[in-house]
Structures are given as structure tokens and as C-alpha cells.
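Between the sequences and the hints, there should be enough to build the whole structure, so can you do that?
Number of protein chains: 2
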Amino acid sequence: MTGTLVGVGVGPGDPELLTQRAVRAIREADRVLAPSSAVDAVGRAESIVRQACPGVRIERLVFAMGQASGSVEDAAQVVVAGLDAGQQLAFVTLGDPNIYSTFSSVAARVRELRSDAVIETVPGIMAFQELAARSATVVLRDTERLALVTALDGPDALAGALADPDQAVVVYKGGRHLPAMAKALASAGRLDGAVFGELMGLPGERVVPVAEAAEGPAAYLATVIVPPSGR
Amino acid sequence: MTGTLVGVGVGPGDPELLTQRAVRAIREADRVLAPSSAVDAVGRAESIVRQACPGVRIERLVFAMGQASGSVEDAAQVVVAGLDAGQQLAFVTLGDPNIYSTFSSVAARVRELRSDAVIETVPGIMAFQELAARSATVVLRDTERLALVTALDGPDALAGALADPDQAVVVYKGGRHLPAMAKALASAGRLDGAVFGELMGLPGERVVPVAEAAEGPAAYLATVIVPPSGR
Numbered sequence: 436m437t438g439t440l441v442g443v444g445v446g447p448g449d450p451e452l453l454t455q456r457a458v459r460a461i462r463e464a465d466r467v468l469a470p471s472s473a474v475d476a477v478g479r480a481e482s483i484v485r486q487a488c489p490g491v492r493i494e495r496l497v498f499a500m501g502q503a504s505g506s507v508e509d510a511a512q513v514v515v516a517g518l519d520a521g522q523q524l525a526f527v528t529l530g531d532p533n534i535y536s537t538f539s540s541v542a543a544r545v546r547e548l549r550s551d552a553v554i555e556t557v558p559g560i561m562a563f564q565e566l567a568a569r570s571a572t573v574v575l576r577d578t579e580r581l582a583l584v585t586a587l588d589g590p591d592a593l594a595g596a597l598a599d600p601d602q603a604v605v606v607y608k609g610g611r612h613l614p615a616m617a618k619a620l621a622s623a624g625r626l627d628g629a630v631f632g633e634l635m636g637l638p639g640e641r642v643v644p645v646a647e648a649a650e651g652p653a654a655y656l657a658t659v660i661v662p663p664s665g666r
Numbered sequence: 436m437t438g439t440l441v442g443v444g445v446g447p448g449d450p451e452l453l454t455q456r457a458v459r460a461i462r463e464a465d466r467v468l469a470p471s472s473a474v475d476a477v478g479r480a481e482s483i484v485r486q487a488c489p490g491v492r493i494e495r496l497v498f499a500m501g502q503a504s505g506s507v508e509d510a511a512q513v514v515v516a517g518l519d520a521g522q523q524l525a526f527v528t529l530g531d532p533n534i535y536s537t538f539s540s541v542a543a544r545v546r547e548l549r550s551d552a553v554i555e556t557v558p559g560i561m562a563f564q565e566l567a568a569r570s571a572t573v574v575l576r577d578t579e580r581l582a583l584v585t586a587l588d589g590p591d592a593l594a595g596a597l598a599d600p601d602q603a604v605v606v607y608k609g610g611r612h613l614p615a616m617a618k619a620l621a622s623a624g625r626l627d628g629a630v631f632g633e634l635m636g637l638p639g640e641r642v643v644p645v646a647e648a649a650e651g652p653a654a655y656l657a658t659v660i661v662p663p664s665g666r
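Protein sequence lines correspond, in order, to chains U and B. Just so you know, we're using the numbering used here here: the first sequence kicks off at 436 and counts up by one. Just so you know, we're using the numbering used here here: the second sequence kicks off at 436 and counts up by one.
For the record, the hints were derived by calculation from the structure and aren't laboratory data. In this text the structure is predicted, and so the values were computed from the model without any measurement. Ideal placement from N, C-alpha and C gives every residue a C-beta, glycine not left out. Please note: incorrect hints may appear among the correct ones.
Rough simulated footprint, nothing fancy, chain U against chain B, three-plus residues with beta-carbon under 8 Å [to be verified]:
no.: 1; stretch: 481 to 492
no.: 2; stretch: 503 to 509
no.: 3; stretch: 526 to 539
So the derived label-pair ranges between C-beta atoms look like this [unchecked claim]:
no.: 4; chain 1: B; residue 1: Arg-459; chain 2: U; residue 2: Val-643; range: 46 to 56 Å
no.: 5; chain 1: B; residue 1: Glu-508; chain 2: U; residue 2: Asp-627; range: 20 to 30 Å
no.: 6; chain 1: U; residue 1: Asp-577; chain 2: B; residue 2: Ser-550; range: 20 to 30 Å
no.: 7; chain 1: U; residue 1: Ala-571; chain 2: B; residue 2: Glu-463; range: 18 to 28 Å
no.: 8; chain 1: B; residue 1: Glu-463; chain 2: U; residue 2: Val-643; range: 36 to 46 Å
no.: 9; chain 1: B; residue 1: Gln-486; chain 2: U; residue 2: Pro-652; range: 41 to 51 Å
no.: 10; chain 1: B; residue 1: Pro-614; chain 2: U; residue 2: Pro-652; range: 43 to 53 Å
no.: 11; chain 1: U; residue 1: Gly-505; chain 2: B; residue 2: Gly-521; range: 51 to 61 Å
no.: 12; chain 1: B; residue 1: Asp-465; chain 2: U; residue 2: Asp-551; range: 18 to 28 Å
no.: 13; chain 1: U; residue 1: Pro-489; chain 2: B; residue 2: Gln-502; range: 29 to 39 Å
no.: 14; chain 1: U; residue 1: Asp-475; chain 2: B; residue 2: Ala-476; range: 53 to 63 Å
no.: 15; chain 1: B; residue 1: Asp-465; chain 2: U; residue 2: Gly-595; range: 44 to 54 Å
no.: 16; chain 1: B; residue 1: Pro-489; chain 2: U; residue 2: Gln-486; range: 49 to 59 Å
no.: 17; chain 1: U; residue 1: Arg-546; chain 2: B; residue 2: Pro-600; range: 20 to 30 Å
DMTMM-like cross-link-like pairs, simulated, lysine to aspartate or glutamate; straight-line CA separation at most 20 Å [what the hints assert, rightly or not]:
no.: 18; chain 1: B; residue 1: Lys-608; chain 2: U; residue 2: Asp-577
no.: 19; chain 1: U; residue 1: Lys-618; chain 2: U; residue 2: Asp-588
no.: 20; chain 1: U; residue 1: Lys-608; chain 2: B; residue 2: Asp-577
no.: 21; chain 1: B; residue 1: Lys-608; chain 2: U; residue 2: Asp-588
So, in C-alpha cells, the structure goes:
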């Protein structure tokens, strides 16, 4: 008898953005696991699930800052113990479980420890989709292209993507570099129409033009959309 | 008194992939409009909504092949008449309403006709997210990048995006060019891990490696994911 691990995307913040499939996966699970920065801290995914699926008990998996590999190992051990006991485990994660998600690291380690593990995922709405909706931004039309990048290595990732006027650019995790990104957008003539969002669906949400947000740094999980300029 | 137009993303095919917000927008609307290729043809979005929201009446807006601008004008006229009557209109659309959606064209024309129209959107799961889930493909990790392109102008859009080993490439609407795309992937050493999906969540669904699907052309709305090769 062997269990199942399901990575469930819960979207960026609004509990109404869970899909029906996500709600079902959470409700049907024997145990629901959520990443958290500390054992007594309610993480963002847990907060969303508490609202979307009232009454569901959530266990925290601690992912300590700067101790990524140890945290992944600990989480994988919890999962493997559950799978060996035949349990159905739902691992809830912000956005989509196959795009920049901690879930991928945990699943990869579980796969190393149990090569026959059954591992599935349920897609989730990504932050930039919600930002597009909230800001009335058409991301792509016709044969336009999208570049999705992170600014974890600095604002240069954005500069290279701006050369193509028919390419929309989405930047994740660029809060720290927002002033530098605004400067790069202005230089490239792409500041107009560029939008910024943080804490979407959460208290303190901010959705504004990049030009208005660029006076200081923003939250780590900030999102920027730069629409194509060649329309 | 003025109405509201809401573009509602219904995902790629499985009715369980509607979000709670999408279901609510459809249920609360006075009228639900769905694009269709003929007045007596049930379009894909209509089919999804029939399953996800049983009992909801759906009106078809005909988008005839090769008559795009006339169809958009006709649809906008239907919408404007509804808005002027104070109705809440839900326009359902495959995937996400801000990414390669007919909704954007209709909304833009409605905005020209009624500059003060209230137009909103509800995000939807995109086909590539469902393909990633069904094929157990991790699209992005760490600081990897994503290029989302269409093959409407031919398979060359893919070739240019393959040079960067840390970039995942998603190709939409490339069914016709699948054999050529497989050849380009093989030349670039990127065929391994590349997955193909069509009719996801619908009868006849196919989710297979590109290498297995490339013997002939596929459906128009096919999706290909090429994961990063630099892992």
C-alpha cells in the first residue's frame, strides 16, 4: 500500500482563485501540508486554504531562510513517512506548483527516496494573471510573445528582455530592485503601461503603475507586467 | 444605469479547473456569452461552462473563420446593447482572458463604443499549466526563464527561443508545425523532456512526449512545453 503526494496550487492570495480541482484535492487529502517560515507562523498558502476550505487542518513544514536544502530534506522525510503509511498528502503552494515553487524541490527529493512514489500536481492561478485582471492589462494578443523572468539575480534580467517591442515581460521577485527596474523601463521607453502588484488578495494589496511604485523597494513577492509596446 | 462586462477565463477543458471566482461571475451574470464558430455549434468554452455550471443559459456569439473583424464588431454590438440596458454580462473564454483571447478584441471595441464601460476579467488556468500538471513537467525552477510564443507565423518562433538552456519554451497553436518543431528541438538537443498536449480535459485528449507526437500535424490548439536543458 502506497500513498499519493499532490502539489496543489492555491493562487496568489484571493481564496476565490482556487480551482474546484484544488478544493477537492485539499478536501480529499488525509493530511494537508503547507510551507511556513516558522512552526508558529501562518504562511500565505495556509492562510488562503484556511479561508477557501474552512475546517481543514493544516500542518506546517518549516522552510527556514538560508537553510533551503535542510528544509527540503526535512519536508521530504515528512512526506515519505506519510506515503509509506499509505496516506494521501496535499502540499499546498502559492501560485502554480510547476512554476517557481518549493514543491518541485520537495517532490524531486521524494522521488530520489521513493522512485515509485505517485506524485501529481493541480495547477493554480499565477500572480501575474491576477495582476493583469486587477489592472486591466492585456498581456498578449495575436502573435505577441511573453518573457517571464525573476529579478533574483538583479535587474539585468529585465533589460535583456525589453529589446523586443512585441514581447510582454513579467518580472517576479523584483521588489528590491523596483527603482532600478523603473529606470530601465524608462530608458527603453516601456514605462508607460507597466504595472506593479504586491500582496494581491491580501490586506495591504497594492496595484499601481510602476511609475508610481518606484520610489522605494517593494515586497519580495512583487510582480511587474510590462505589456508589448509595438501595438 | 450601466452594466458590466466580465471576461471569464474557464481554463483549457476540464470543468474542475474553473476557479470559484469564475463560477460566481457566471452564476451572477444576467447573460452568459460564449464564442462559437456557428450559431448551431457548441464551442469549447460553452461546453466547459455547461458542465461546470449546470442550468446556466448560454448565448452564442459567432466568430466566423476568416471574418475576424466583422465578428468582433457584431459581438461588441451585442455587448453594448446589454451594457446600455444595465445588464451584467459574462463573456466566457478558454484559458485566461488576458492572454491570446478573443475577449481582448471584443473588450477593446466595446471601449471604443462606450468609453465609460465597466470591463473586468477573471483569470483562468492556461493550457500549458494543465499540460505541465498532466505530464509531470516542472516548467521553472530557481532563476530559470520562460518564453511563451505562438507558432502562428511558423516554427521559426521556436528556434530563436531555444538558444538559452536556462529558458523553458512554451509554444501555442503549433499543431500544424509539429513535425518541423520536433526537428528543431532535436537539432538543438532539446527534444528530451519536451511534451505535447491537445484537447486537454476533452474526449480524445493526448498528452505525450513531442518525440512520439511528431509523425504528423496535430490540432490547432496544441501546446508544447520544452523544459530548460541546463538543469
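Evaluated hints:
A count of 1 residues in the stretch 481 to 492 of chain B with a Cβ less than 8 Å from any Cβ of chain U is obtained; the coverage claim is therefore unmet, three being the minimum. Counting residues of the stretch 503 to 509 of chain B whose CB lies closer than 8 Å to any CB of chain U gives 0, so the stated coverage by that chain is violated, three being the minimum. Given as covered by chain U, the stretch 526 to 539 of chain B passes the check, having 6 residues with a CB less than 8 Å from a CB of that chain where 3 are the minimum. Between Arg-459(B) and Val-643(U) the C-beta distance comes to about 26 Å, which lies outside the given range of 46 to 56 Å.
Taken as a hint, the range 20 to 30 Å holds for the pair Glu-508(B) and Asp-627(U), whose Cβ atoms sit roughly 28 Å apart. Asp-577(U) and Ser-550(B) have their C-beta atoms about 24 Å apart, which keeps the hinted 20 to 30 Å range intact. Under the hint 18 to 28 Å, the C-beta atoms of Ala-571(U) and Glu-463(B), about 20 Å apart, fit the expected range. For Glu-463(B) paired with Val-643(U), a C-beta distance near 28 Å fails the hint of 36 to 46 Å.
Restraint check, Gln-486(B) to Pro-652(U): a C-beta distance of roughly 45 Å satisfies the suggested window 41 to 51 Å. Distance hint check for Pro-614(B) and Pro-652(U): the Cβ-Cβ separation is about 49 Å, which falls inside the suggested range of 43 to 53 Å. Checked against the hint of 51 to 61 Å, the C-beta distance between Gly-505(U) and Gly-521(B) comes to roughly 59 Å, which is consistent with it. In this structure the hint that Asp-465(B) and Asp-551(U) lie 18 to 28 Å apart at CB is violated, the actual value being about 52 Å.
Remark: the range hint 29 to 39 Å for Pro-489(U) to Gln-502(B) is contradicted by a beta-carbon distance near 49 Å. For the hinted restraint 53 to 63 Å between Asp-475(U) and Ala-476(B), the CB-CB distance of approximately 56 Å keeps it satisfied. Taking the beta carbon of each, Asp-465(B) and Gly-595(U) are about 47 Å apart, inside 44 to 54 Å as hinted. In this structure, Pro-489(B) and Gln-486(U) break the distance hint of 49 to 59 Å, their C-beta atoms being roughly 26 Å apart.
A hinted range of 20 to 30 Å for the beta carbons of Arg-546(U) and Pro-600(B) is consistent with their spacing of about 22 Å. Proximity of Lys-608(B) to Asp-577(U) is assessed by CA-CA distance (about 11 Å); at most 20 Å being required, the pair is judged to hold. Straight-line distance between C-alpha atoms of Lys-618(U) and Asp-588(U) comes to about 17 Å, which keeps the hinted pair within the 20 Å bound. Under the criterion of a C-alpha separation no larger than 20 Å, the hint pairing Lys-608(U) with Asp-577(B) is consistent with the structure, at around 11 Å.
The straight-line distance between the Cα atoms of Lys-608(B) and Asp-588(U) is roughly 32 Å, outside the 20 Å bound, and the hint therefore fails.
Hints 1, 2, 4, 8, 12, 13, 16 and 21 from the list above are not met by this structure, while the remaining hints are.
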